[in-house]
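Undergrad: Here are the chains, one letter per residue:
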Amino acid sequence: MSSNARMAMVLVLLLGPLSLLMKLWGPNQYGPVPTQVQIPAALTDFLSQYNLTFFSNLHTINAQAYQMALYHDASEDATCLAMIYVMPMPINAEAEFILARPVGVASVDFFYVHRGNVTNRYPSTSHWYAGVINRVRLLAGLSPVSNIVYGIASTSPCVTPRDFDWSQLSF
Amino acid sequence: MVKGDRSYFWIAVILLGATNALMRPVIASMEDLGFWNSAFDAFGINPAVMAALLLSVGLILTQEDAQSTSRADVWVGLFVLIGFLIPSATLSWIFLGLYAGYLALQKGLTTEQRAGVAILILTSFRQPIMGFLIHIFNAPILSFDAALTAWLLSSFETGIHAEGNLVMSGDKVRLVILTSCSSLANLSFALLFWYAACRSLVSHFTRTMLLSGVGVAVSIVFLNIIRLAMMASSSERYAVIHETAGKTVFALLMLLLVVSFTYWGIRNVIQRTHGDGLGPTARTA
Numbered sequence: 001m002s003s004n005a006r007m008a009m010v011l012v013l014l015l016g017p018l019s020l021l022m023k024l025w026g027p028n029q030y031g032p033v034p035t036q037v038q039i040p041a042a043l044t045d046f047l048s049q050y051n052l053t054f055f056s057n058l059h060t061i062n063a064q065a066y067q068m069a070l071y072h073d074a075s076e077d078a079t080c081l082a083m084i085y086v087m088p089m090p091i092n093a094e095a096e097f098i099l100a101r102p103v104g105v106a107s108v109d110f111f112y113v114h115r116g117n118v119t120n121r122y123p124s125t126s127h128w129y130a131g132v133i134n135r136v137r138l139l140a141g142l143s144p145v146s147n148i149v150y151g152i153a154s155t156s157p158c159v160t161p162r163d164f165d166w167s168q169l170s171f
Numbered sequence: 172m173v174k175g176d177r178s179y180f181w182i183a184v185i186l187l188g189a190t191n192a193l194m195r196p197v198i199a200s201m202e203d204l205g206f207w208n209s210a211f212d213a214f215g216i217n218p219a220v221m222a223a224l225l226l227s228v229g230l231i232l233t234q235e236d237a238q239s240t241s242r243a244d245v246w247v248g249l250f251v252l253i254g255f256l257i258p259s260a261t262l263s264w265i266f267l268g269l270y271a272g273y274l275a276l277q278k279g280l281t282t283e284q285r286a287g288v289a290i291l292i293l294t295s296f297r298q299p300i301m302g303f304l305i306h307i308f309n310a311p312i313l314s315f316d317a318a319l320t321a322w323l324l325s326s327f328e329t330g331i332h333a334e335g336n337l338v339m340s341g342d343k344v345r346l347v348i349l350t351s352c353s354s355l356a357n358l359s360f361a362l363l364f365w366y367a368a369c370r371s372l373v374s375h376f377t378r379t380m381l382l383s384g385v386g387v388a389v390s391i392v393f394l395n396i397i398r399l400a401m402m403a404s405s406s407e408r409y410a411v412i413h414e415t416a417g418k419t420v421f422a423l424l425m426l427l428l429v430v431s432f433t434y435w436g437i438r439n440v441i442q443r444t445h446g447d448g449l450g451p452t453a454r455t456a
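Those sequence lines, one after another, are chains A and B. For the first sequence, this note's numbering assigns the number 1 to the initial residue and increments by one for each residue that follows. For the second sequence, this note's numbering assigns the number 172 to the initial residue and increments by one for each residue that follows.
FYI, nobody ran anything at the bench for these hints, they're computed from the structure. These figures come from a predicted structure and were not determined experimentally. Each hint should be verified, as a subset may be incorrect.
Rough simulated footprint, nothing fancy, chain B against chain A, three-plus residues with beta-carbon under 8 Å [stated by the list, open to error]:
id, stretch
1, 11-25
2, 91-102
3, 125-132
In silico contact screen, one side only, chain B against chain A (beta carbon under 10 Å); selected entries [unchecked claim]:
id, residue
4, Met194
5, Arg195
6, Leu313
7, Asp342
Glycine included, every Cβ here is placed at the ideal spot set by N, Cα and C.
Kindly generate the complete structure, drawing on both the sequences and the hints.
TA: Next up, the structure:
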């Protein structure tokens with residue numbers, strides 16, 4: 001047996017089982033699925049600045065896959081029925097168009113907020129990039145940053161959530 | 172290891188890489204579905220991936236000239252094995268693909284080994300590339316499926332149209348097409364199987380073989396669109412087709428179509444090769 005063959009055998013026998021053990025013990029790199037994502041309290045607090053309070057959770061038109069939280073203006077001096085739908089989207093753009101019709105009612109406006117940035121379309125590239133960075137952070141033993149895109153829809157013309165200061169939100 | 176141990180070392184690294192790449196998804200599948208349901212679902216591993224890996228390993232093992240492990244093999248093997256230590260399935264696929272790229276550069280490979288390496292490259296890079304494409308181009312990919320579904324359904328019903336990935340009937344949503352139902356996801360597996368089967372038997376792609384590939388692609392997309400249109404047609408049909416028996420029937424139909432078109436393409440080439448008097452093993456590099 002040549003020295004190279006011996007080295008090759010040692011490498012496989014040492015690093016092979018170790019790599020499999022690392023897969024068993026390593027951090028879970030699969031992000032949350034839509035049904036596991038909760039609306040953070042900070043977002044509810046943020047919306048309360050604009051007199052919007054949590055009303056209820058709703059399942060979207062495709063049954064259990066995605067959930068929405070409905071916020072409304074419950075103040076006594078409210079002049080119209082403000083309805084804001086918030087949908088956490090952790091995976092990709094597959095739920096992008098659901099926002100157009102949150103519960104069968106056509107939206108007046110819908111947009112996406114990712115780490116404080118507002119976009120008209122689902123921010124696929126920045127979401128993918130943040131996902132890659134999170135994987136590196138996990139491998140380095142650092143905690144991942146939040147990488148959820150929030151779909152925001154408004155079905156009432158009297159409230160324009162697009163004008164809110166979303167940059168206050170860092171998640 | 173004896174003289175000629177080189178391809179055995181290659182296979183050991185490849186099998187380790189594949190196990191590392193598949194391990195996390197298998198564990199996730201078992202955690203999600205439970206052991207027996209996951210086993211029934213092939214532990215979440217697409218049969219096309221498994222078939223391509225087995226074909227690739229089988230072909231690389233067919234060696235005519237015994238070669239010993241070189242120093243470069245050891246160093247590259249060390250680099251890749253260290254890469255496999257990273258607990259990421261995607262990175263394991265990428266490192267396996269890089270290793271396959273190294274193998275492709277080796278001189279003295281037999282035609283079968285070259286075919287095996289080519290299949291391995293495609294199998295390894297399929298997952299990270301598809302993951303990237305589906306993430307970045309998710310909206311247009313799903314919109315394409317929705318548009319075709321609406322087009323098909325509109326032949327039978329009025330007022331059907333697509334809005335993004337929604338199939339609409341007037342103002343009401345009939346169906347939301349999600350990523351797992353997209354044609355592209357199914358297509359990548361079907362074309363992987365087609366390529367692996369063709370490449371393992373014939374090394375030169377003829378027009379007929381490419382035509383069979385087009386047949387695979389068109390039939391997979393069309394069958395998926397029929398399935399989506401049936402799901403959009405009524406809640407009852409949705410329940411039957413999306414789950415239980417309907418899901419299995421459509422999976423079997425897809426498998427049958429892919430195997431049939433692939434078989435047709437390969438048989439045509441082999442028959443022509445026999446006709447030329449070259450014999451079935453005649454191959455070009």
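Undergrad: None of the hints should be skipped; say for each whether it holds.
TA: Outcome of the hint check:
With 11 residues having a beta carbon nearer than 8 Å to a beta carbon of chain B, the stretch 11-25 of chain A meets the requirement of three or more and the stated coverage holds. With 10 residues having a Cβ less than 8 Å from any Cβ of chain B, the stretch 91-102 of chain A passes the three-residue criterion, so the hint holds. Coverage of a stretch by a chain is defined here by at least three residues with a beta carbon nearer than 8 Å to that chain's beta carbons; for the stretch 125-132 of chain A and chain B the count is 4, and the condition holds. The beta carbon of Met194 (chain B) is positioned within 10 Å of a beta carbon in chain A (closest approach about 4 Å), and the interface hint is therefore held.
At its closest, the beta carbon of Arg195 (chain B) sits 6 Å from a beta carbon of chain A; the interface hint therefore holds under the 10 Å criterion. Annotation: Leu313 (chain B) was flagged as interfacial toward chain A, and the flag holds, the nearest CB pair being 6 Å apart, inside 10 Å. Nearest Cβ of chain A to the Cβ of Asp342 (chain B): about 7 Å, under the 10 Å cut. The hint holds.
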